[in-house]
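As given, the protein sequences belong to chains A and B, one line each in that order.
Under this note's numbering, residues -1 to 307 are what the first sequence spells out, in order.
Under this note's numbering, residues 2 to 402 are what the second sequence spells out, in order.
Just so you know, the hints here were simulated from the structure itself, not pulled from any lab data.
Quick caveat: nothing in here was measured; it's all calculated off a predicted structure.
Yeah, the Cβ is synthetic: ideal placement off N, Cα and C, and Gly gets one too.
Treat each hint with caution, since some may be false.
As the list claims (entries may be wrong) - Pairs of lysine-lysine, DSS-like flavour, derived with a Cα cap of 30 Å:
1) K282(A) x K376(B)
2) K36(B) x K282(A)
3) K5(B) x K389(B)
4) K5(B) x K61(A)
5) K376(B) x K136(A)
6) K172(B) x K136(A)
7) K324(B) x K282(A)
Unchecked claim - Now the stretches of chain B that chain A is said to cover, found in silico as 3 or more residues with beta-carbon under 8 Å:
8) 6 to 13
9) 46 to 60
10) 341 to 348
Said to hold, decoys possible - Covered by chain B, according to a simulated footprint, are these stretches of chain A (three or more residues, beta-carbon under 8 Å):
11) 208 to 218
12) 227 to 235
13) 260 to 272
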Amino acid sequence: MAVYLFYFLIFPGLLFMAVAGALLSWYDRKITARVQFRKGPPLLQPFYDFFKLLLVKETILPKHGSRSVFLIAPLLGVFGATMAGLFILLPLFGIETGFRGDVIVIFYLLTLPSFSYIIGSLASGNPLAAVGASREMKLIISYELTFLLVVAAVIMKSGQQFDMNSIIETQQTGRPFIGSISGVLLFVAGVFCIQAKLALVPFDMPEAETELASGIYIEYSGPPYAMIKLAKQIMFFILPAFLVAILLNGMNPGINIVWFILKILGVVLLLTLIRNTNPRLKIKQASGFFLIWMNLLVVVAIVLIAFGL
Amino acid sequence: MSRKTLIPIGPYHPLQEEPELFKLYCDGEIVRDIKWETGYNHRGIEKLSESKSYDQVFFLVERICGICSTSHPFAFANAVEEIVGVEITDRSKYIRSVIGELERIHSHLLWVGLAGHFLGYNTVFMWAWKYREPILDLFEMITGNRNSYAMFKVGGVRRDIEKSKIPAIRKEMGVIRKKLDLLTGAVMDDPVIHARTKGVGILTRQDVIDYAAVGPTARASGVDIDVRRDDPYAAYPLVNWKVITAEAGDVFAKAEVRLLEMYESASIIEQCLDALEKLEEGNIALKINEIPAGIGTGRAEAPRGEVFHFVVSDGSNSPARHKIRAPSYTNIATFKKSCIGQTIADATISLAAVDPCYCCTERMAAAYDNSSGEKILNANELIEISMKRTNEIRKSEAGHE
């Protein structure tokens, strides 16, 4: 039991994921700054930001709306992100082998942070937050089908293996899934799904700073907002890790950990570049993008898989 | 009719740099009605102007707008020079135009950056503002200030553009063209920007005429107006340039007009520099000792549209009455046409597309009895008087025809 608690809280759980996520968010901010002719923040800036929110800033509660739900929602988000991260990282690091069907569990757990933001923002009673929440819901409906199809295609590709461990093993004994046409298509769709799950531009309409003034997070301040930041940072690490695991060969033991880190940095670089070279889409356009084009892409990939490509 | 949600944009909101309140009455995400409240920025500029000398008023009107800070002195100088009845020297005309066009470039670059920011495209924001920096440096070299240049005075300008400074300006015009090519390419060819701005916030030609919109807002809807050409002042009749118009009237057309106008501005500046090289240095201001009694109107094409100044002089050293109309005064009224029926996402960029400047346009009117000091007319009564006068003028004009 104690060892599971260690897994959950320290490694590869909450603490490890939070630190890795914070460093990745620094990497993202630094690249963004360089693209925009700016100098960028120092390495520890995400930690300063987090601890300032957690320890220094006061919590302001909305006058109307449900306070308990408003406060519990961010914790739910952190819990969901951490649990999903555990199911991804334990097989990835070769600590535990997981169980049959854990890919499906991961898929559900990954939606938990988004749902918690919706619940929290609706509990705040702010009209801008309500608009943000409705946009987040529409966004989830749009990208979730694509994401499910990507996961299903990967399961097909691995020969009906329903657990992370076997999916990674199939790639390591054979070759990475991305080394085929269908794999490349799945990777493209997967990257866009991650972009939407992380609510990065062009899919940042739920927070849309210049339209809704941070939308779903508008009423959050102090420690609850720190929890939301934490959940977002964890997601910023585990989603690229998930993509690396299911399409890019995961991690070989030993010195190959450097190779694994490079793969993660590469995926994050891609996300960062997409978010810095696009304006925000409208929610209708984003829905169309996923429901029509991305789904079509994945269906084509699935057909290709059926032909063994 | 279903219940409408009120989505407030303001008084403090990341979309707008200034405090003002837009109330979007929404049905889901669709904006059904819009109302706005301004008045957070009222500074009493017109009243202040009556207590300053003509030289001081230039510094005051320069501070009406921090971005187009030379268009108000431009219009005020035109108005006062009309009262005096002088024609300024050619050299000062060219210098005025150089300053005016440099300002247009930096103001339009600022708008392009902000529009990118409003669309969530922060890279364009940072790049456009980076490109704007050398223009501000040029201003510092020419006038000593990056903003609020203090260049104008009645009868000319305060500082000369010496021959030694001309190569640096010329070089920067070459550089800014290349940067504009890059920026224009990034904006004009990006399919996602097309998806976000084409067909959004459309103002038809008739809307523009109905609401008397001015500047790039009007030109983007195919209304070919530009004070620089229609009511020539400074060096604009002496150089070759064309008025940029577009037909679509949407946000994309407004961006297109502004981007292409910057090329025209660069070309105007280069022609003015050619002329300045030929003219002798010095002789930049006429000596004007007295402003006679009379009335004068001055117009100038600010980056956002027509600026109008009306000055009444009673022969003393300060204006007896100074009326200012900034372009945003008419432009922000077009929101009624451009925003209703759009989604919130489209409405916000439509709000920003006219490049509104609220503090420039905020005015208050009240009428006091001189002897007792009591307020005798309220706002509604003043509006009634104004409408009556307008109708009288209309009737008398109809009589002439």
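Verification of the hints:
Annotation: proposed proximity of K282(A) to K376(B) is violated, straight-line Cα distance about 53 Å (limit 30 Å). At roughly 25 Å between alpha-carbon atoms, K36(B) and K282(A) fall within 30 Å of each other, so this suggested pair holds. Note on K5(B) and K389(B): the hinted pairing is violated, with a Cα-Cα distance of about 37 Å set against a maximum of 30 Å. Between K5(B) and K61(A) the CA atoms are separated by roughly 22 Å; this keeps the pair inside 30 Å, and the hint holds.
Of the pairs offered as hints, the one joining K376(B) and K136(A) is violated, with about 55 Å between alpha carbons and a cut-off of 30 Å exceeded. At most 30 Å may separate the alpha-carbon atoms for a hinted pair to count; K172(B) and K136(A) exceed this at roughly 51 Å. Taking the CA atoms of K324(B) and K282(A), the gap is about 46 Å. The hint is violated against a cut of 30 Å. Look at the stretch 6 to 13 of chain B against chain A: 4 of its residues bring a Cβ nearer than 8 Å to a Cβ of that chain, three or more, so the hint holds.
Coverage of the stretch 46 to 60 of chain B by chain A is violated. Counting CB-CB distances below 8 Å, 0 residues qualify, and the rule asks for three or more. Requiring three or more residues with a Cβ within less than 8 Å of a Cβ of chain A, the coverage given for the stretch 341 to 348 of chain B holds, as 4 such residues are present. Coverage of the stretch 208 to 218 of chain A by chain B holds. Counting CB-CB distances below 8 Å, 4 residues qualify, and the rule asks for three or more. Check on the stretch 227 to 235 of chain A: 0 of its residues sit with their Cβ under 8 Å from a Cβ of chain B, so the three-residue criterion for coverage is violated.
Requiring three or more residues with a Cβ within less than 8 Å of a Cβ of chain B, the coverage given for the stretch 260 to 272 of chain A is violated, as only 0 such residues are present.
Hint check: violations occur at hints 1, 3, 5, 6, 7, 9, 12, 13; the rest are consistent with the structure.
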